[in-house]
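Mind docking chain L on chain Y? Use the hints.
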Amino acid sequence: MKALILVGGFGTRLRPLTLSVPKPLVEFANKPMILHQIEALKEIGVTEVVLAINYQPEVMLNFLKEFEAKLGIKITCSQETEPLGTAGPLALARDKLIDDSGEPFFVLNSDVISEYPLKEMIEFHKAHGGEASIMVTKVDEPSKYGVVVMEESTGKVERFVEKPKIFVGNKINAGIYLLNPSVLNRIELRPTSIEKEVFPKIAADKQLYGMVLPGFWMDIGQPRDYITGLRLYLDSLRKKSSSRLATGPHVVGNVLVDETAKIGDGCLIGPDVAIGPGCVVESGVRLSRCTVMRGVRIKKHACISSSIIGWHSTVGQWARVENMTILGEDVHVCDEIYSNGGVVLPHKEIKSSILKPEIVM
Amino acid sequence: MAMFPANGILQSEALKKYIYETSGYPREHKELKNLREATAKKYGDKILMSVPVDEGQFLSLLVKIMNAKKTLEIGVFTGYSLLSTALALPDDGQVTAIDIDQEAYEVGLPFIRQAGVEHKINFIKSDANSVLSDMLNSKEKQIAEFDLAFVDADKFSYKRYHKQLLKLVKVGGIIAYDNTLWYGFVAQKEDALPENLRDVTKAIKELNHYLASDPRVDISQEKQQASTMKALILVGGFGTRLRPLTLSVPKPLVEFANKPMILHQIEALKEIGVTEVVLAINYQPEVMLNFLKEFEAKLGIKITCSQETEPLGTAGPLALARDKLIDDSGEPFFVLNSDVISEYPLKEMIQFHKTHGGEASIMVTKVDEPSKYGVVVMEEATGKVERFVEKPKIFVGNKINAGIYLLNPSVLDRIELRPTSIEKEVFPKIAADKKLYAMVLPGFWMDIGQPRDYITGLRLYLDSLRKKSSSRLATGPHVVGNVLVDETAKIGEGCLIGPDVAIGPGCVVESGVRLSRCTVMRGVRIKKHACISGSIIGWHSTVGQWARVENMTILGEDVHVCDEIYSNGGVVLPHKEIKSSILKPEIVM
Numbered sequence: 001m002k003a004l005i006l007v008g009g010f011g012t013r014l015r016p017l018t019l020s021v022p023k024p025l026v027e028f029a030n031k032p033m034i035l036h037q038i039e040a041l042k043e044i045g046v047t048e049v050v051l052a053i054n055y056q057p058e059v060m061l062n063f064l065k066e067f068e069a070k071l072g073i074k075i076t077c078s079q080e081t082e083p084l085g086t087a088g089p090l091a092l093a094r095d096k097l098i099d100d101s102g103e104p105f106f107v108l109n110s111d112v113i114s115e116y117p118l119k120e121m122i123e124f125h126k127a128h129g130g131e132a133s134i135m136v137t138k139v140d141e142p143s144k145y146g147v148v149v150m151e152e153s154t155g156k157v158e159r160f161v162e163k164p165k166i167f168v169g170n171k172i173n174a175g176i177y178l179l180n181p182s183v184l185n186r187i188e189l190r191p192t193s194i195e196k197e198v199f200p201k202i203a204a205d206k207q208l209y210g211m212v213l214p215g216f217w218m219d220i221g222q223p224r225d226y227i228t229g230l231r232l233y234l235d236s237l238r239k240k241s242s243s244r245l246a247t248g249p250h251v252v253g254n255v256l257v258d259e260t261a262k263i264g265d266g267c268l269i270g271p272d273v274a275i276g277p278g279c280v281v282e283s284g285v286r287l288s289r290c291t292v293m294r295g296v297r298i299k300k301h302a303c304i305s306s307s308i309i310g311w312h313s314t315v316g317q318w319a320r321v322e323n324m325t326i327l328g329e330d331v332h333v334c335d336e337i338y339s340n341g342g343v344v345l346p347h348k349e350i351k352s353s354i355l356k357p358e359i360v361m
Numbered sequence: 001m002a003m004f005p006a007n008g009i010l011q012s013e014a015l016k017k018y019i020y021e022t023s024g025y026p027r028e029h030k031e032l033k034n035l036r037e038a039t040a041k042k043y044g045d046k047i048l049m050s051v052p053v054d055e056g057q058f059l060s061l062l063v064k065i066m067n068a069k070k071t072l073e074i075g076v077f078t079g080y081s082l083l084s085t086a087l088a089l090p091d092d093g094q095v096t097a098i099d100i101d102q103e104a105y106e107v108g109l110p111f112i113r114q115a116g117v118e119h120k121i122n123f124i125k126s127d128a129n130s131v132l133s134d135m136l137n138s139k140e141k142q143i144a145e146f147d148l149a150f151v152d153a154d155k156f157s158y159k160r161y162h163k164q165l166l167k168l169v170k171v172g173g174i175i176a177y178d179n180t181l182w183y184g185f186v187a188q189k190e191d192a193l194p195e196n197l198r199d200v201t202k203a204i205k206e207l208n209h210y211l212a213s214d215p216r217v218d219i220s221q222e223k224q225q226a227s228t229m230k231a232l233i234l235v236g237g238f239g240t241r242l243r244p245l246t247l248s249v250p251k252p253l254v255e256f257a258n259k260p261m262i263l264h265q266i267e268a269l270k271e272i273g274v275t276e277v278v279l280a281i282n283y284q285p286e287v288m289l290n291f292l293k294e295f296e297a298k299l300g301i302k303i304t305c306s307q308e309t310e311p312l313g314t315a316g317p318l319a320l321a322r323d324k325l326i327d328d329s330g331e332p333f334f335v336l337n338s339d340v341i342s343e344y345p346l347k348e349m350i351q352f353h354k355t356h357g358g359e360a361s362i363m364v365t366k367v368d369e370p371s372k373y374g375v376v377v378m379e380e381a382t383g384k385v386e387r388f389v390e391k392p393k394i395f396v397g398n399k400i401n402a403g404i405y406l407l408n409p410s411v412l413d414r415i416e417l418r419p420t421s422i423e424k425e426v427f428p429k430i431a432a433d434k435k436l437y438a439m440v441l442p443g444f445w446m447d448i449g450q451p452r453d454y455i456t457g458l459r460l461y462l463d464s465l466r467k468k469s470s471s472r473l474a475t476g477p478h479v480v481g482n483v484l485v486d487e488t489a490k491i492g493e494g495c496l497i498g499p500d501v502a503i504g505p506g507c508v509v510e511s512g513v514r515l516s517r518c519t520v521m522r523g524v525r526i527k528k529h530a531c532i533s534g535s536i537i538g539w540h541s542t543v544g545q546w547a548r549v550e551n552m553t554i555l556g557e558d559v560h561v562c563d564e565i566y567s568n569g570g571v572v573l574p575h576k577e578i579k580s581s582i583l584k585p586e587i588v589m
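Read top to bottom, the protein sequences are chains Y and L. The numbering of the first sequence is the numbering used here, which starts it at 1 and goes up by one. The numbering of the second sequence is the numbering used here, which starts it at 1 and goes up by one.
Okay, chain Y solo, but in the shape it has when bound (with noise of 0.2 Å):
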């Protein structure tokens, strides 16, 4: 079985992490996005995974060198010339996509992570025997998106509406699909959506069936989503195998912590805090909501929550970090230095104050 995931372009609503590596490699949850979505496929049998991209292929190929031989399941990339939106791609990919067996094939969006129920979505699939299915995920606000409209029994969706001004429906769709071949005989290789111009037909055709997810869904191409994202991952992890959270009188809530950071004494870490590989948090540090990505030295006495410290960038002593804080590669927060919603680009010293949400370039 294969699958196509869509990687698409320069990621920079998540700069600025997304200045130093691509988006797909960016961690969350220590690990890189696009291995949560990478492990999930090759669980469920695929074997061969294709990644839509249209920016930085080297530095994805090599990544993907190492994965391709550790997972061992096959990683290509399709890369657009332009770009080709979200459908676009699949007819790009249409020869890697499909083979004689005649088996549907994933889709999924790079930006999302999930519980990935791809087994469940198989047999939805199945069961239904109609050409697309497409999982949909409850939202509180669906007048913000594109919400799809669905029979409630059976899953057959009847309509996709963007933005919809009255109430029709609060399920939106989650970027995860599972297609039949011939969904791509209805794709030009061309600029496409597949929301606005595939799917609608397909519905028509009354062959387009919706799933609702269960479990969490987050769209992390966002700081603030990436941040609430963690909050719903770690929750899920605890039921799923907590024995991977961090325990002990420094933790409160749900904490990761890779095996290789150290932790100070006097520390208190958590809620929904993750920790990456090499990080070193001295003594008396309080982090809460926030991710410390691989090689970061916090040092003494700092606070920080709500933020995310980009890879071997330093945080100084009684150094207060807050409100949706970024920062870049390499940067390195001067002791007693607050942060209040300062986005700092890689390879900068903060020496002054930042007193109310900006960008550092």
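Since the hints were made in silico from the structure, they are not lab data. Bear in mind that the values here come from a model prediction, so they are computed numbers and not experimental data. C-beta: ideal position from N, C-alpha, C; glycine also. Possibly wrong hints are sitting among the right ones.
[Stated by the list, open to error] Just the calculated beta-carbon pair ranges, DEER-fashion: (1) Y:Lys356 x L:Pro311: 23 to 33 Å; (2) L:Glu294 x Y:Val212: 52 to 62 Å; (3) Y:Arg224 x L:Asp413: 48 to 58 Å; (4) L:Thr304 x Y:Pro191: 27 to 37 Å; (5) L:Glu294 x Y:Lys126: 52 to 62 Å; (6) Y:Glu336 x L:Val367: 30 to 40 Å.
[Said to hold, decoys possible] Here are the simulated BS3-like cross-link-like pairs (lysine-lysine), alpha carbons at most 25 Å apart as the crow flies: (7) L:Lys270 x L:Lys302; (8) L:Lys467 x L:Lys270; (9) L:Lys69 x L:Lys30; (10) Y:Lys351 x Y:Lys300; (11) Y:Lys144 x L:Lys579; (12) L:Lys424 x Y:Lys351; (13) Y:Lys356 x L:Lys584; (14) L:Lys41 x L:Lys170; (15) L:Lys347 x L:Lys384; (16) Y:Lys165 x L:Lys579; (17) L:Lys434 x L:Lys424; (18) Y:Lys163 x Y:Lys144; (19) Y:Lys196 x L:Lys579; (20) Y:Lys351 x L:Lys372; (21) L:Lys391 x Y:Lys351; (22) L:Lys259 x L:Lys270; (23) L:Lys159 x L:Lys125; (24) L:Lys170 x L:Lys155; (25) Y:Lys239 x Y:Lys42; (26) Y:Lys163 x L:Lys393; (27) Y:Lys351 x L:Lys393.
[Claimed, not checked] Covered stretches of chain Y (in silico footprint by chain L; criterion: 3 or more residues with CB under 8 Å from a CB of chain L, positions within the stretch not fixed): (28) 4-12; (29) 15-23; (30) 342-348.
Coordinates of chain L only, in the frame set by chain Y:
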């Protein structure tokens, strides 16, 4: 000791290097090499007193051609020519070598011994005049006995030695005088010479004239190749001040006036004969190295990188690149700061350096607000630097460090391989030793490491271009002031371009566009009726129809400003689309 020119009128560094590397060093006897290296180590700059490898070979050839058995050498120093001679002589040959400096001879003696030729040498510690007189007065068979005499000593005495040697060297023998062309100074007008070299040049010219008029001798004057000159460019780090441009390319490769910043400097160095440029970098070496390969070939200059593993400040990189910067020639080397643009009067700087004879020269430039910088306080007449004052609160002077230095190799002995500041640690010490001199930079100067100064710098640069080679500037009814347009760019009808605009390769400026005080990088498209001023438009970006872009708007690579948009100082990172106006300066990420 006054410095001799790297580049007299005869010199060709590339040719000299060719000779040395083709037939010089590969054929150099091991002990000659060792001797040469020991001389460089002990004497540094003064290695100019020793003969170079090709002259040693020529001397050796003369000895062999003559089947010489008895030779005389006046002026030994550490013994390079002496060892060359001794190696060429037959086993029963003899060379009598005279020099007043025995200590120098002892530097080379171990190598002479190791070469197994010490028995051929009779060293006499003395002034040559008395030894030669003794020989002449002696009744022994020394008269008319030498096959060959080689004279490499103080130039004022050459004429006197000649009279004596004519009697001591046999008829049909050879008398060889080193450096009678005196780095080319003999061909220059006296007032063009540095004062301290005028007397000796005069003496040599008299000798040459005397020899040429002496019917008893046949003569031949040979050109001597001179030394190579090297330079280091401090490229440094991440170029964060020039973001978002430096998010796409390393700073030295960002174009200024349609040419990569670093190429302006490399070309200026090449023009005055520098044969090797070392780039001190600590970021993105691969990108730099690829670029450099291309330019090494095109320019015919050797470009290497010296990569810092930790930031070494403004002086540490010199220590790191030590082996690349000094060779046996003892010549000074240039150090340039990569953010600086100026007219690069490097030839004048070399003359200035030779004249004052100090250890280091530094260019300074006049500024209006010296209190923001490090001020160089110097003696007006000579340029001798007294001290440096960082951001002075009271007025001490208005000259600041322009980031262009010419340093003797001995300066490297003052720099340790650790993070060091050249202005704060190294130069003050040289100034205290009264060996640092400053020259006021003629023409324009700008540190273009940040967008505002980049834009001002373009104005200064194009002004200068107007004076020097105005044919390179664009002309026509659509041009106002100084405008540089790449030949592959296209400009539509009804445009008004300038003043102070640079348009890069492959750009398309559609009709009715107004551009002033801006830089348009490679591959940009400016759509109809747009109006851009005081801004930088990054590679492959587009600016929409009727868009208004002004006040230090900097667009990174591949940024697309939609039609009718207004940008007031927007700083936009690469790969973005601007769909709504930017009303006040801000970063768009």
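Status of the hints after comparison with the structure:
A beta carbon spacing of about 31 Å between Lys356 of chain Y and Pro311 of chain L agrees with the range 23 to 33 Å that was offered as a hint. Between Glu294 of chain L and Val212 of chain Y the Cβ separation comes to about 58 Å, which falls inside the hinted range of 52 to 62 Å. Our hint of 48 to 58 Å for Arg224 of chain Y and Asp413 of chain L holds, since their Cβ atoms are close to 57 Å apart. Taken as a hint, the range 27 to 37 Å is violated for the pair Thr304 of chain L and Pro191 of chain Y, whose Cβ atoms sit roughly 46 Å apart.
The beta-carbon spacing between Glu294 of chain L and Lys126 of chain Y, approximately 58 Å, falls within the hinted interval of 52 to 62 Å. Checked against the hint of 30 to 40 Å, the C-beta distance between Glu336 of chain Y and Val367 of chain L comes to roughly 35 Å, which is consistent with it. For the proposed pair Lys270 of chain L and Lys302 of chain L, the alpha carbon gap of about 10 Å is at most 25 Å, so the pair holds. Straight-line distance between C-alpha atoms of Lys467 of chain L and Lys270 of chain L comes to about 22 Å, which keeps the hinted pair within the 25 Å bound.
Using a Cα cut-off of 25 Å, the hinted pair Lys69 of chain L and Lys30 of chain L holds, with the two alpha carbons roughly 23 Å apart. As the CA atoms of Lys351 of chain Y and Lys300 of chain Y are separated by approximately 17 Å, the hinted pair is consistent with the 25 Å bound. As the CA atoms of Lys144 of chain Y and Lys579 of chain L are separated by approximately 19 Å, the hinted pair is consistent with the 25 Å bound. Straight-line distance between C-alpha atoms of Lys424 of chain L and Lys351 of chain Y comes to about 22 Å, which keeps the hinted pair within the 25 Å bound.
This hinted pair checks out: Lys356 of chain Y and Lys584 of chain L have alpha carbons roughly 17 Å apart, not beyond 25 Å. Between the alpha carbons of Lys41 of chain L and Lys170 of chain L the distance comes to roughly 38 Å, so the proposed pair goes past 25 Å and is violated. Proposed proximity of Lys347 of chain L and Lys384 of chain L is supported: the alpha carbons are some 19 Å apart, at most 25 Å. A hinted pair counts as satisfied when its Cα atoms are at most 25 Å apart, and Lys165 of chain Y with Lys579 of chain L qualifies at roughly 24 Å.
At most 25 Å may separate the alpha-carbon atoms for a hinted pair to count; Lys434 of chain L and Lys424 of chain L meet this at roughly 16 Å. Between the alpha carbons of Lys163 of chain Y and Lys144 of chain Y the distance comes to roughly 5 Å, so the proposed pair stays at or under 25 Å and holds. A distance of roughly 22 Å separates the Cα atoms of Lys196 of chain Y and Lys579 of chain L; the hinted pair therefore holds under the 25 Å criterion. Between Lys351 of chain Y and Lys372 of chain L the alpha-carbon distance is near 19 Å, which keeps this suggested pair within the 25 Å criterion.
The suggested pairing of Lys391 of chain L with Lys351 of chain Y holds, with an alpha-carbon distance near 20 Å, which does not exceed 25 Å. For the given pair, Lys259 of chain L sits about 16 Å from Lys270 of chain L by alpha-carbon distance, which is consistent with the 25 Å threshold. With a CA separation close to 21 Å, the supplied pair Lys159 of chain L and Lys125 of chain L stays within the 25 Å bound. Pair hint Lys170 of chain L plus Lys155 of chain L holds up; C-alpha atoms about 23 Å apart against a cutoff of 25 Å.
Between Lys239 of chain Y and Lys42 of chain Y the CA atoms are separated by roughly 22 Å; this keeps the pair inside 25 Å, and the hint holds. Distance restraint check for Lys163 of chain Y and Lys393 of chain L: the Cα-Cα separation of roughly 62 Å exceeds the 25 Å cut-off, and the hinted pair is therefore not satisfied. At most 25 Å may separate the alpha-carbon atoms for a hinted pair to count; Lys351 of chain Y and Lys393 of chain L meet this at roughly 24 Å. Check result for the region 4-12 of chain Y against chain L: holds, 3 residues qualifying (beta carbon to beta carbon below 8 Å, three or more required).
Evaluation of the coverage hint for the region 15-23 of chain Y: fulfilled, as 3 residues show C-beta separations to chain L shorter than 8 Å, against a requirement of three. With 5 residues bearing a CB less than 8 Å from a CB of chain L, the region 342-348 of chain Y meets the requirement of three and the coverage assertion stands.
The structure does not agree with the numbered hints 4, 14, 26 stated previously, though it agrees with the rest.
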